[in-house]
Amino acid sequence: MNTLKNRIDQRLEKLSSENKPALVPYLTVGYPTVELTVPIATKVLSSGADMLELGIPFSDPLADGPTIQETSFIALENGTTISTAIESVREIRTIDSESPLIFMGYFNPFLRYGFEKLLMDIKSAGVDGLIVPDLPTEESDVLFAECRKQSIHLIPLLAPTSTDERIESACKTAGGFIYCVSLTGVTGARNRLSSGVEELVRRIRAFTDLPVLVGFGISSQSDVDRIGQFANGAVVGSAFLDAVSGADFGKEVETASQFVRGLTRQG
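Sequential numbering of the sequence shown, starting at 45, is according to my numbering.
None of these hints come from the bench; they were simulated from the model. It is possible that part of the hints are untrue.
[Unchecked claim] Think about it this way: if two alpha-carbon atoms lie no more than 35 Å apart in a straight line, the pair counts; the simulated DSBU-like pairs of lysine-lysine are:
id: 1; residue 1: LYS87; residue 2: LYS295
id: 2; residue 1: LYS216; residue 2: LYS49
id: 3; residue 1: LYS64; residue 2: LYS295
id: 4; residue 1: LYS58; residue 2: LYS161
id: 5; residue 1: LYS58; residue 2: LYS87
id: 6; residue 1: LYS64; residue 2: LYS216
id: 7; residue 1: LYS193; residue 2: LYS167
id: 8; residue 1: LYS193; residue 2: LYS216
id: 9; residue 1: LYS64; residue 2: LYS193
id: 10; residue 1: LYS193; residue 2: LYS58
id: 11; residue 1: LYS193; residue 2: LYS87
id: 12; residue 1: LYS167; residue 2: LYS64
id: 13; residue 1: LYS87; residue 2: LYS161
id: 14; residue 1: LYS167; residue 2: LYS58
id: 15; residue 1: LYS193; residue 2: LYS295
id: 16; residue 1: LYS161; residue 2: LYS216
id: 17; residue 1: LYS167; residue 2: LYS216
id: 18; residue 1: LYS295; residue 2: LYS58
id: 19; residue 1: LYS167; residue 2: LYS87
id: 20; residue 1: LYS49; residue 2: LYS64
id: 21; residue 1: LYS49; residue 2: LYS167
id: 22; residue 1: LYS87; residue 2: LYS49
[Unchecked claim] Taking CB as the label site, the calculated pair distances span:
id: 23; residue 1: THR205; residue 2: PRO110; range: 20 to 28 Å
id: 24; residue 1: PRO83; residue 2: ALA189; range: 34 to 42 Å
id: 25; residue 1: PRO204; residue 2: SER141; range: 35 to 43 Å
id: 26; residue 1: GLY306; residue 2: PRO110; range: 17 to 25 Å
id: 27; residue 1: LYS295; residue 2: ALA189; range: 40 to 48 Å
All C-beta atoms, glycine included, are put in the ideal place defined by N, C-alpha and C.
Based on the provided sequences and hints, a complete structural model is requested.
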């Protein structure tokens with residue numbers, strides 16, 4: 045387990061002391077436009093989101109469902125790159141220096157960019173955590189070493205199909221929290237949470253004291269409330285992006301804010 049502490053740990057400890065689940069929206073960088081990324085990000089963080097997961101678009105996003113795939117393709121058409129995402133974080137940090145920011149991206153673009161350079165650049169911009177859904181097991185130690193150098197948490201993605209060996213191995217290098225996937229298969233808003241998610245959280249907690257957050261398939265305040273009964277928080281991706289994509293032109297920032305407020309009883 046990574047024993048370093050950063051903004052993620054501080055925020056989750058504070059929420060735990062208040063007995064509140066963390067709410068973490070997922071925003072694809074460059075969606076709906078590059079120019080709107082920072083205004084949406086800062087608005088949702090001031091509207092009740094506890095952390096923000098920033099997705100770096102990739103042409104072959106295996107773990108993502110239709111909504112996030114569509115936002116990725118649009119973001120790529122808008123010219124979004126890893127450098128765009130890093131610059132967006134720098135801009136967010138001029139407005140919000142406290143909220144934890146997490147990058148989620150795929151292995152190949154990070155490998156091409158270079159692990160050492162990536163971690164140095166995202167650290168200097170103000171990123172606190174990194175999620176790589178398709179990280180090969182044999183590469184995890186290398187990436188973990190670079191993350192550790194920069195006090196950035198490497199956050200693993202675990203699913204109901206994960207073996208106990210995989211869970212134990214992931215927990216050894218994990219920092220910040222464990223990202224628990226509530227549905228097998230790709231992401232997307234669902235009407236009903238997977239029944240296997242509570243069992244997965246229980247299995248994970250046999251190997252780590254880190255907080256466990258649940259993502260994939262969360263779309264309502266009742267989902268967030270239910271997750272808060274057995275886990276430490278919820279990541280809301282597809283339903284949040286659906287709300288943004290359905291916004292009237294010019295109303296994207298306000299729509300994003302209203303959606304988050306609706307999940308935190310601030311609506």
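So, going through the hints one by one against the coordinates:
1. LYS87 x LYS295: Within the cut-off at roughly 12 Å; holds.
2. LYS216 x LYS49: 15 Å, holds
3. LYS64 x LYS295: 29 Å, holds
4. LYS58 x LYS161: With Cα atoms ~32 Å apart, LYS58 and LYS161 stay inside 35 Å; holds.
5. LYS58 x LYS87: Holds, at roughly 21 Å.
6. LYS64 x LYS216: Since the Cα atoms of LYS64 and LYS216 sit roughly 26 Å apart, the hinted pair holds (cutoff 35 Å).
7. LYS193 x LYS167: 10 Å, holds
8. LYS193 x LYS216: 16 Å, holds
9. LYS64 x LYS193: 31 Å, holds
10. LYS193 x LYS58: 25 Å, holds
11. LYS193 x LYS87: 31 Å, holds
12. LYS167 x LYS64: Status holds; Cα separation ~28 Å.
13. LYS87 x LYS161: 29 Å, holds
14. LYS167 x LYS58: 23 Å, holds
15. LYS193 x LYS295: 41 Å, violated
16. LYS161 x LYS216: Within the cut-off at roughly 24 Å; holds.
17. LYS167 x LYS216: 22 Å, holds
18. LYS295 x LYS58: 32 Å, holds
19. LYS167 x LYS87: 22 Å, holds
20. LYS49 x LYS64: 20 Å, holds
21. LYS49 x LYS167: 14 Å, holds
22. LYS87 x LYS49: 26 Å, holds
23. THR205 x PRO110: 20 to 28 Å: 21 Å, holds
24. PRO83 x ALA189: 34 to 42 Å: 36 Å, holds
25. PRO204 x SER141: 35 to 43 Å: Between PRO204 and SER141, where Cβ atoms are some 37 Å apart, the hint holds.
26. GLY306 x PRO110: 17 to 25 Å: 22 Å, holds
27. LYS295 x ALA189: 40 to 48 Å: 44 Å, holds
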